[in-house]
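S.K.: Sequence:
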Amino acid sequence: GCGACTVMLSRFDRLQNKIVHSSANACLIPICALHHVAVTTVEGIGSTKTRLHPVQERISKSHGSQCGFCTPGIVMSMYTLLRNNPEPSMEEIENTFRGVCPWSSPSPDVGCCEGKGKNPNCCLNEKEDNSVTLLQSLFNPEEFMPLDPTQEPIFPPELLQLRNAPRRQLCFQGERVRWIQVATLKELLDLKAQHPEAMLVVGNTKVGIEMKFENKVYPVLVCPAWIPELNAVEHGTEGISFGASCTLSFMEETLASAVTKLPAHKTEVFQGILEQLRWFSGKQIKSVASIGGNIMAASPASDLNPLFMASGAQLTLVSKGKRRTIQMDHTFYMGFGKTILTPEEILLSIQIPYSREDEYFSAFKQISRHDVTCGMRVLFNQGTIQVQELEMSFGGLGNRILQAPETSRKQTGRDWDESLLVDVCAGLEEELRLAPDAPGGKVEFRRTLTLSFFFKFYLTVLLKLSKKSMRGKCDKLDPTCVSATFHFHKDPPANVQLFQEVPRGQSEEDMVGRPLPHLAAAMQACGEAVYCDDIPLYSNELYLWLVTSTKAHARIKSIDTSEAQNVPGFECFLSADDIPGSNITGLFSDETVFAKDEVTCIGHIIGAVVADTPEHAQRAARAVKITYEELPAIISIEDALKEKSFHTGNFLLKIEKGDLQKGFADAEHILEGEVYIGGQKHFYLETHCTIAVPKGESGEMELFVSTQNINVTQRYVSKVLGVPPNRILVHVKRLGGGFGGKESRTTILSTVVAVAAHKTGRPVRCMLDRDEDMLVMGGRHPFMARYKVGFLKNGKVVALEVEYHSNAGNSIDLSKSIMESALFNMDNCYKIPNIRGTGKLCKTNLPSNTAFRGFGAPQGMFIAESWMSKIAVKCGRPPEEVRRLNMYEDGDLTHFNQKLEGFMVPRCWSECLENSQYHARRMEVETFNRENAWKKRGLAIIPTKFSISIGIPFLNQAGALVHVYTDGSVLLTHGGIEMGQGLHTKMIQVANRVLGIPMSKIYISETSTNTVPNTSATSASLGTDLNGMAVQAACKTILERLKPFKDQNPNGSWEDWVSAAYRAPVSLSATGFYSTPNLGYNFETNSGNRFNYFCYGVACSEVEIDCLTGDYQNIRTDIVMDVGTSLNPAIDIGQVEGGFVQGLGLFTLEELHYSPEGKLLTQGLDSYKIPACGDIPTKFHVTLLRDCPNQKAIFSSKAVGEPPLFLAASIFFAIKDAIGAARAQGSESQLDPLFQLDSPATPERIRNACMDRFTKLCGTEVPANFKPWCKRV
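Going left to right, the sequence shown walks through residues 1 to 1273 as the working numbering numbers them.
Hints listed in this document are in silico derivations from the structure and should not be mistaken for laboratory results. What you are looking at is a predicted structure, and each value in this text was computed from that prediction instead of being measured. Hints may contain errors.
[Claimed, not checked] What follows is a list of derived Cβ distance ranges for each label pair: (1) M334 / R278: 29 to 37 angstroms; (2) P998 / E214: 50 to 58 angstroms; (3) K490 / N1265: 29 to 37 angstroms; (4) E881 / P263: 53 to 61 angstroms; (5) K695 / K490: 26 to 34 angstroms; (6) K490 / E668: 40 to 48 angstroms; (7) D1238 / G1164: 17 to 25 angstroms; (8) R409 / P149: 50 to 58 angstroms; (9) K18 / P196: 35 to 43 angstroms; (10) G505 / H919: 18 to 26 angstroms; (11) R414 / E881: 28 to 36 angstroms; (12) D1238 / N650: 43 to 51 angstroms.
[Stated by the list, open to error] Lysine-lysine pairs mimicking PhoX-like chemistry, simulated, CA-CA at most 25 angstroms apart: (13) K1271 / K644; (14) K899 / K831; (15) K596 / K759; (16) K644 / K874; (17) K1159 / K625; (18) K1169 / K1179; (19) K654 / K473; (20) K49 / K733; (21) K816 / K788; (22) K596 / K1046; (23) K1046 / K1036; (24) K644 / K654; (25) K816 / K654; (26) K49 / K266; (27) K1267 / K644.
For glycine and all other residues, C-beta sits at the position ideal for the given N, C-alpha and C.
Construct all of the structure, not just a fragment, from the sequences and the given hints.
M.R.: Here it is, written out as structure tokens:
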């Protein structure tokens, strides 16, 4: 899970005889399981009303909170860690944050926990440079309260008094489920005899997910967590036995302790399990998930079960009157979710064996994706290298954990040498084959991993054997292969942030330019910040659940709601027939609120169920039966090209400049190719949410919506209800992230909820579940481009032609503007004299793709850097030289004929080269690559030029409203939405400077349609630019009105002047308005002023890849970013870091899989991998470019939200550089150096590109007309 709902569970452990604290995801913990447990939430450790806990203070003051939705979870993870260990190591801190939200400013989250808040990298050192002071400190840790463990809340005495009281069976009866908590083993066995179908639950990490997301119902749930025998640990002569209810965290601690106490040869298995657990989910899961639950879930992709099987673990099974012990081998699992246990049996315990002399054990997994996991064990005849036993178990290759018994058997009696390696690889290839359409896809990758893992095991054992007395008996290990045996271990983070100090002489009361924390950070850290779904329930409120299509393209034949109507609490079913206004919606009027006769994607909203609770609404929605007549579906860009399926309209998607024919004629080299960049889900932590409240007269309705665009929400709701917009009031307090996903698509939900509130006359609420949100809402557009580029021998580009195709989905939405953005950014930072770009919007049967941070620019720039990197390879020149050769200079015209004024890329480039020590590190990388055959490093430096303005000129406008009250306090309202980017904080800083009053006197409550009308979406990184100027204008109006009173009383106070104005009387309320001047571009003539200005930046990144697995490690990133004169360096650096990490997900991690039928297969965090704290570069250095004021925005600042995202492409091209080194090694290698690597650079793509003898063994023959498990869209 995301971890946002993390709480601390405290209980008295009778076996350990102490109080135990553990973190857990509240969304997975059944309340029935909390008897005798104390639950501490973020509200329970501190408050802004009393005092902040030191953890809350540190994360808020050290800029660790942005949107804040996940901050309580991060706080509670920190808090639990410190309750258990007030002086944690950096490794413990990083393990605690493994898997938590990366969108918050990543550097402080880890640093502020270390050493009780003292981050050694955030010193107060200053660098003087030509009288400009660069600061390294965004906060002063000396100001923090010390952590005092004696002041923490005590464990409830009432629960402590019960520690020795006998436990009694508990039973809770729900509508459809009975929960029984048993106290003794006898009770459990009796229950299983009576109810053999009963499901045992300890951590609920599997059953809870099945019941919530897979619509499963288990009538009887039995919790055995209290049973002593199931929690016991026994250190025996053969191994350590764990009761089946022991948590994974407890097993981890026990094995770690054993490793420190026992001889090394006895702990081979323990060390392998500990290494696997290091990458196993987060603390919140490990602290509640049980060993027995992990085994009995019988997941074919389990991390631990292959290890248990390979180690020869013993399982003790019991039922009423019976007991047996079996070895966990290839016969134990019979299929997905199936074991050899009889219905009455339970797993009592597992014995994990000690390893023996001459026995070696290793665990392997593909770290970031977990596609294949395995355990391997070999036992040699004493004092020899002759194999006595070889066991190999694999997860992720079929419907159960697989072994290779035939291959293993054949190795008995053989020496551990190269011939054995060859034969085992051949045997595994034969014995573990996968069908081309195997579930999970990635067939060649998964097959190759089995061989790669054995090769790693072979080398690991060889290395250990070489250190023993039989050194002369075994093959000599090539020194260049040694690093293949090492796991990636991340060094402690070393982060540096540099920014320019405010000018000397700036008033101490003027907060502009100072690194202030987000003004809501403390509230967010305390769980007090209110998001849409936090609004208290109305007394007569109803809940809505969507009913969506299960077919990509079909006619609706019938809708049967009879079963749904029998669900308790059912209120009504909504469809197109219930709409009082218009069912037509969408920016191009090409969508409907409810599908009427035809559905055009899976997830298309057909109707909705309204009921008294979310649970009843969900249950009723799933009971609605819809029959379809399926129609041909177009899923991918390739499908659309084949069928000529495009969105068309009155728009031209083409930019051309120069003489393309002459340019190609002058070129000395021409390259042609195709580039693909996949889509991306927004994964805002707060999913879409709407509360609609009918007011009871004149069609009025009030909505509370998680949206970036209150104006469009107001207009679309008014249209569907058939009332004027002045009857619709929309409020937004703050968003838990947006990233463009809540710009236009929020109306999909808000219109439906409004119709429900209109029909019932009661308040209606809906917050989408994560899987539902991912299904219904679109994301970033996948792009496919075909290019032809002409260049000279030195790499100078003279001609470029690119055809872009985007997968727009089933409606146009913002796809036209996004394609335009890609065309405007097809040059990135390079001057190309002869150029043509054309774009087409592919019309497919997928949910409509939409705005996403960068808005088409990352796709356009990525494609440019793809062909640029190939030019460097073709010319045999360093890529940084070729990029610099082609770079614009200040004053040049772009391909759309706009002059570049204040072009800062050359400055950013030279500073980044210097800061990163690029040339010295390039030599180090080359040395490393010569010395390591199976680990390779890559280095890349990438620039960006990001254009600022909305394409439709009139949308570049904003309004503000300032109220000054008689006590001098100011209520400020503007048209922008706070979604974590610090917009409200910056607006108060602007007002602080203009009005000359303390920020404490200024307050922003919300954004609403009744204060600032006709607002533009908070998007395109323009929130500060537009609203800042509007706020400035409103504040200046107030100052003008106060001027006479200041002149009359020059020594008076702000309060004096306000009071005098009120008594005069003079209005103390003012509006402000701003629109960006001189905008307008014509595609027909390729002329005009398309953008207000540009943002610039450069990033240099270094990575290390594991050529055998495709894993990689982000070693270091240096960024130099032009943000003009920063209004708030702390917020801006947080945006640079967060944007970079989100881009890292786009270019390396986040891969969407769709079935050939158009079903999204990656619908949650179990299958869709977003970056986590562990993915952040170990060394992360951010510098804000000094002395670069921007005269076209408020107080010389620049936009910062979107521009940094593309810089994460430096990670992608560093990976590609490392792959190139892997492909180039070896004299027999004849691999094409101009290889294609599409985005994202997933481990699968990395491993398959590092072609070697193992990949060649695993080629898969694809039969004609076979249907793949998934397809590229």
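S.K.: Which numbered hints are broken by the structure, listed smallest first?
M.R.: The structure conflicts with hints 3, 5, 10, 11, 12, 16, 19, 22 and 26, although it agrees with all the remaining ones.
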